[in-house]
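These are the residues of each chain, in order.
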Amino acid sequence: MFRALREAFSYELVSIKDSTYKLFLITLLPLISFALIIAIFYEGVVHDMPIAVVDNDKSKLSRQLLFNIESSPTIKIVYNADSLKEAMDLLQRGEVYGIVTIPEYFLKNTLLDKQPHITAMLNTQYILIGKILTAALSATLMHSASQVDYVETLARVQNPQESLNVVAPIGLQVTPFFNTYQNYFLFLVSALLPAIWQIFIVITTLVAVGSLFKSKSEQLFFSDKYVGARLIGMMIPYTAAFMFLGLLYLFYIYGTLGWNFEGSFSVMMFGMFLTTVAYQGVALLLFITGFDYARSLSLGAVYTAPAFAFLGVTFPIFNMNGFALFWRDMLPISHLVSLQISQANYGSDIFLEVDKLLTLFTFWIVFVPVIFAFKKRLKV
Amino acid sequence: MSFLKTLLREAKTIFLDIAIVLTIIGGVILYSFLYPQPYSSQSVSKLPVSVVDLDRSDSSRDVIFKLNATSQIAVLRVDMSEKDAKDAMLEDKIKAIIVIPPHFKRDVALHKSPAIAVGVDSSYFLIYGAVLEGTMKSVLTEAVTLKVAELLKHGSPSNGAKDAYTPYSLNIINLFNAQNSYTQYVIPAVFILILQQTMLIGLGILGGGINERQEKHGVTWMVMLSRVIIFGSIFFTHMLFYFGFSFEYFGVTHLANISELITFGVSFLLATAFFGIFLGSLFNSREIATPVILFSSLPLVFSAGFVWPLQAVPESIQFLSNLVPSTPAINGFLKLNQMGAEFSMVLPQYTILWTQAVIYMFLGYYFINKKRKKYVNN
Chain A
1 MFRALREAFS
11 YELVSIKDST
21 YKLFLITLLP
31 LISFALIIAI
41 FYEGVVHDMP
51 IAVVDNDKSK
61 LSRQLLFNIE
71 SSPTIKIVYN
81 ADSLKEAMDL
91 LQRGEVYGIV
101 TIPEYFLKNT
111 LLDKQPHITA
121 MLNTQYILIG
131 KILTAALSAT
141 LMHSASQVDY
151 VETLARVQNP
161 QESLNVVAPI
171 GLQVTPFFNT
181 YQNYFLFLVS
191 ALLPAIWQIF
201 IVITTLVAVG
211 SLFKSKSEQL
221 FFSDKYVGAR
231 LIGMMIPYTA
241 AFMFLGLLYL
251 FYIYGTLGWN
261 FEGSFSVMMF
271 GMFLTTVAYQ
281 GVALLLFITG
291 FDYARSLSLG
301 AVYTAPAFAF
311 LGVTFPIFNM
321 NGFALFWRDM
331 LPISHLVSLQ
341 ISQANYGSDI
351 FLEVDKLLTL
361 FTFWIVFVPV
371 IFAFKKRLKV
Chain B
1 MSFLKTLLRE
11 AKTIFLDIAI
21 VLTIIGGVIL
31 YSFLYPQPYS
41 SQSVSKLPVS
51 VVDLDRSDSS
61 RDVIFKLNAT
71 SQIAVLRVDM
81 SEKDAKDAML
91 EDKIKAIIVI
101 PPHFKRDVAL
111 HKSPAIAVGV
121 DSSYFLIYGA
131 VLEGTMKSVL
141 TEAVTLKVAE
151 LLKHGSPSNG
161 AKDAYTPYSL
171 NIINLFNAQN
181 SYTQYVIPAV
191 FILILQQTML
201 IGLGILGGGI
211 NERQEKHGVT
221 WMVMLSRVII
231 FGSIFFTHML
241 FYFGFSFEYF
251 GVTHLANISE
261 LITFGVSFLL
271 ATAFFGIFLG
281 SLFNSREIAT
291 PVILFSSLPL
301 VFSAGFVWPL
311 QAVPESIQFL
321 SNLVPSTPAI
331 NGFLKLNQMG
341 AEFSMVLPQY
351 TILWTQAVIY
361 MFLGYYFINK
371 KRKKYVNN
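Line by line, the protein sequences are chains A and B. Residue numbers for the first sequence follow this note's numbering, so the first one is 1 and each next one is one higher. Residue numbers for the second sequence follow this note's numbering, so the first one is 1 and each next one is one higher.
Since the hints were made in silico from the structure, they are not lab data. Treat the hints with care, as some may be off.
What the hints assert, rightly or not - From the derived model, a few chain A residues whose C-beta atoms are all more than 10 Å from chain B:
no. : residue
1   : Leu-36
2   : Asp-89
3   : Lys-214
4   : Asp-292
What the hints assert, rightly or not - Quick list of in silico lysine to aspartate or glutamate cross-link-like pairs, EDC-like style, CA-CA up to 16 Å:
no. : chain 1 : residue 1 : chain 2 : residue 2
5   : B       : Lys-93    : B       : Asp-107
6   : A       : Lys-214   : B       : Glu-91
7   : A       : Lys-131   : B       : Glu-133
8   : A       : Lys-356   : B       : Glu-212
9   : B       : Lys-86    : A       : Glu-43
10  : A       : Lys-85    : B       : Glu-82
11  : A       : Lys-356   : B       : Asp-92
As the structure is a prediction and not an experimental result, all values here were calculated from the model. Every residue gets a Cβ at the ideal spot worked out from N, C-alpha and C, and that includes glycine.
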């Protein structure tokens, strides 16, 4: 049995050496995909988002306010429009993401305590951009308003500290736990890289087994009754390659970039191993539906492509419906990313992770029908 | 061979290939159901938090009541100590801890401006943002109530006091996606990418298979035209299904008028069809297309500019992604259908799509002929 495994293993190694495609699938292609995603988000922080302003007051106060907005690193005023219509046109063209309008008699009404409204219209079709601009504008406006308020209150109560406290009767002190860097890079890239990684595992497994059947060498390869052993021998080079690629992205994020990894790296590695094998098993399960190379690739695409949306990193699982939660559970990568977040960020105790690891291990059951179907197909 | 014969032969090759049919019909329908699932509740709401109330006064209870009243927050538990709350967080039961300090009520009365502390799990940005928004809203309303009371105490008339709690205010209007709905944000863009990727995979399997089997299917331009007609009409139907039925079903707005949407859509389908024919001419087997196109999906989504602002994407990557129809198409469709732009405003994207269609048509023609010369059994 071990001989069969060893034979299959060395057969597959040679076939990888001889096939540029297989070699690329475990080296260059995933690395290029990783690099593209990293390059897209490399800036990590959004700054200089273009907006247009319509200043209908043109007073000292409105200019001061615009200056305060401009000094926010997030926002850049790229256009001083004469009318709202003109600004709206720019927004619909996609040249600006928002319009800030200062009303007529802004200075006068402020001095008369009439509380004029400044209007910000934001393009929230782009939710992330909309949220970033909302936060930046609110902060700037609150700051500017409290400057005015402070001066007014100071004139009344004549005590700097008390004026400050009257202006803001309750303070808010925010502590971001875990991703204390407040950077989109870690947030998105640490979930996108695993999402890409799982696509490559499934596709590469299908290429390995599919090309064997396509070239009609399956009888030659599975030459004895040790179908399971030979199948495992065939998978081991890829298991190793994807463990390496997985550790590479982990090392990139938590090693070179210097993000903290609070928990246990060996637990993470063990989870990654369980996931790699789980995906190889699921890929083989897709293959046995018809032992057809091209068709199983289509199934692999349907299974792996939407995975990112189900991870719960962008959209929280608290708000997912029953079906989405079910589908999420069917994807090993969602359990691995949960493990990654709880290990890297929370540093959770190992016994809290047992259920995630067990869930990942449960996927290994698919090897039972897989080996059974292979035996039936090969008539051994 | 006549054009009609070529067309029939192409149609036969396409519809007898299960992998192609599975992708361009099964896949398109399946994805339209699967992709919107995570976002069915549309927005982030009722996130579980714990409040650690160290004051236990009527003021602190008032704050808790206001927190629970926001749509973003659900106060799942009130803990006696920060440790209990922190344990609940590590067990993933809550996403944020809000601490009301001791002597909160007294300090407010003494103008000492006590601080409410918020600790949020920032592993998830949407959760972080939503909890912050909810807390800010409730703390602000509480602050305003206190401030108006303060001003009244100082003898300001009631109306004046209400107006003067801040010298001027910011009124934020959410345009185009007023509810900040995630469905509205993701679906219109991702659906365009699905149409493109499934069509490219279909044409890629077809082209790769023909190169592999070394089949000569009639005159080159007739073959190309046949594929454009067959794939064009299938995906035209898909497009109507997505923009019509799916958008309606998932409650996505559709502001564009139909003739403009179709004019723009046709340019997108043509550019994609010729791009697919060109890619298919490069592949030497049926099995190359699916992986290659699949790998490009995530980078294409995130370089299209709707999730992550284009201003933050490196220019070289922006350039690369504009070589693919989905990037100009997503931007154009979003403007027309989600933002109600006039057609003149999408002319830049419309021009890019036509340019792509023409260039990929010539490239496809050139490579199909080149490959054919290499076929052994001519």
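Consistency of the hints with the structure:
1. Leu-36: violated, 4 Å
2. Asp-89: violated, 8 Å
3. Lys-214: At roughly 8 Å from the nearest Cβ of chain B, A:Lys-214 sits no farther out than 10 Å, so the non-interface label is violated.
4. Asp-292: violated, 7 Å
5. B:Lys-93 <-> B:Asp-107: Not satisfied, since the Cα-Cα distance of roughly 32 Å exceeds 16 Å.
6. A:Lys-214 <-> B:Glu-91: Distance ~48 Å between A:Lys-214 and B:Glu-91 Cα, so the pair is violated.
7. A:Lys-131 <-> B:Glu-133: holds, 10 Å
8. A:Lys-356 <-> B:Glu-212: At roughly 44 Å apart (the allowed maximum being 16 Å), B:Glu-212 and A:Lys-356 break the hint.
9. B:Lys-86 <-> A:Glu-43: violated, 32 Å
10. A:Lys-85 <-> B:Glu-82: Violated, at about 52 Å.
11. A:Lys-356 <-> B:Asp-92: holds, 13 Å
When each numbered hint is compared with the structure, violations occur for hints 1, 2, 3, 4, 5, 6, 8, 9, 10.
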